[in-house]
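K.L.:
The chain contents come next:
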Amino acid sequence: MLREKEVIDRVTGVTQVRLRAWVSQGWVTPVQSENEVLFRELDVARCELIKEIEDELQVESETVPLVLSLLDQVYGLRRELRSVMHALERQPDSVRQSVLKSLLQK
Amino acid sequence: MPTDLYQILAVAKTATDDEISKAYRKLAKQLHPDLNPGDKDAEERFKEVSAAFAILGDKDKRKRYDNGEIDASGAEQPERQFYRRYADTDAHHHYHSTGGYEDFVDLGDLFAEAFMHGRDRDTGGQRRSVPFPGADVHYHLTIEFMEAVNGTKKRVTMPGDVTLDVSIPAGIENGQVLRLQSKGQPGFNGGPPGDALVAIDIRPHPLFRRAGNDIRIDLPIALHEAVLGGKVEVPTITGKVSMTVPKGATTGQILRLRGRGVKTAKAAGDQLVRLTIAMPEQVDEELEGFMQSWAQSHNYNPREGIMERAV
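First to last, the sequence lines map onto chains A and B. FYI, the working numbering numbers position 71 of the first sequence as 71, with every residue one higher than the one before it. FYI, the working numbering numbers position 195 of the second sequence as 195, with every residue one higher than the one before it.
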């Protein structure tokens, strides 16, 4: 896991003030260790994304939480959909066929 | 892959720096891989677009590109890891929001519970073992007009063999929805059950009509009752009452029976009786003779001025 300073070094264009603002707004949720916060690779990639949304796509910061919330929902739903697909995968062929039929009827 | 960077950004070679930035932003918003998880094509195009912008978006590099000093391959960018890679594979679902299908519970307990239990197992996901109220269940119930105006209690069996005791308050309106608390689907994780929502359809009555708390009815009276006045019996929603028709009553005239409308907990309406004069089944010689002689000396015109108003 990365310390705050390492994240700032790695994600160009991100200052300490900016990073802390993201954390305090809940856009990024690092892990709180004993005396500092630590960032996972996931958090760093998310910082990169937020920076791009703000700087390159020039989305206003008021709109950023909306974008993040929709994205989190999309990824959450993708995960659930995938788990449903995996569950179906493990079913006998007859079950899969009847589910498929039911889906196509819709 | 077109090697003309201007083509990739869909701008003219003469485009200003500002136009180039704008074109890039527009494409990037559409194609950013993290905004298009699972779309391989978007990722490829995004890479092209950002590579093109890396050169054309930089005054110095753009000049060198225009002069042929560097080619499009100079725009190759280092491999980078997009957020979606982590978001899609992260075992703990730190940022995943699973609030998006709370309304799935009406698809059936089996799958709803599978999702809810899935949440329990998560360590980092957002809504873990939150008590979760059961879904509301919607029903339709058709009742008679008289039951609606006077109120009643009904025990009804709904689809799915659910027996409900429904207490219909006097004066319920058509389409009104009654909420029966805790009669819906059971909750999850110790959450409260949902409610049963019963939408009321009122069958129309052949005589009575509702207008808020007032009841309207058309009442035929005989020719002589209209001329002479007198007492007639009128049906109301609580039984028949005696009403005085004034002398010279006419069709369309409305008489008010105060307090004979719908009585709710808060207010009581009236019954509004609209008179219609009904001729006898047959006009006999006596009536005809009388009318002839009466008309000769008492001619009146109820249509006076109607032609002027018809413009």
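There's no promise every hint is true.
Only some residues are given here: those of chain A computed to face chain B with a beta carbon under 8 Å [as the list claims (entries may be wrong)]:
#1 Glu56
#2 Gln58
#3 Leu71
#4 Val74
#5 Val99
Chain B side only, calculated, beta carbon under 8 Å to chain A, not exhaustive [claimed, not checked]:
#6 Gln81
#7 Tyr83
#8 Ala87
#9 Tyr139
Chain A stretches covered by chain B per the calculated footprint, using a threshold of three residues with CB under 8 Å from any CB of chain B [unchecked claim]:
#10 28-42
#11 76-82
By construction, these hints were calculated from the structure, which means they are not laboratory data. Glycine included, each C-beta is placed from N, C-alpha and C at the ideal position.
K.L.:
Against the structure, test the hints numbered earlier, and report the numbers of the ones violated in rising order.
P.N.:
Violated hints: 5 and 9; rest satisfied.
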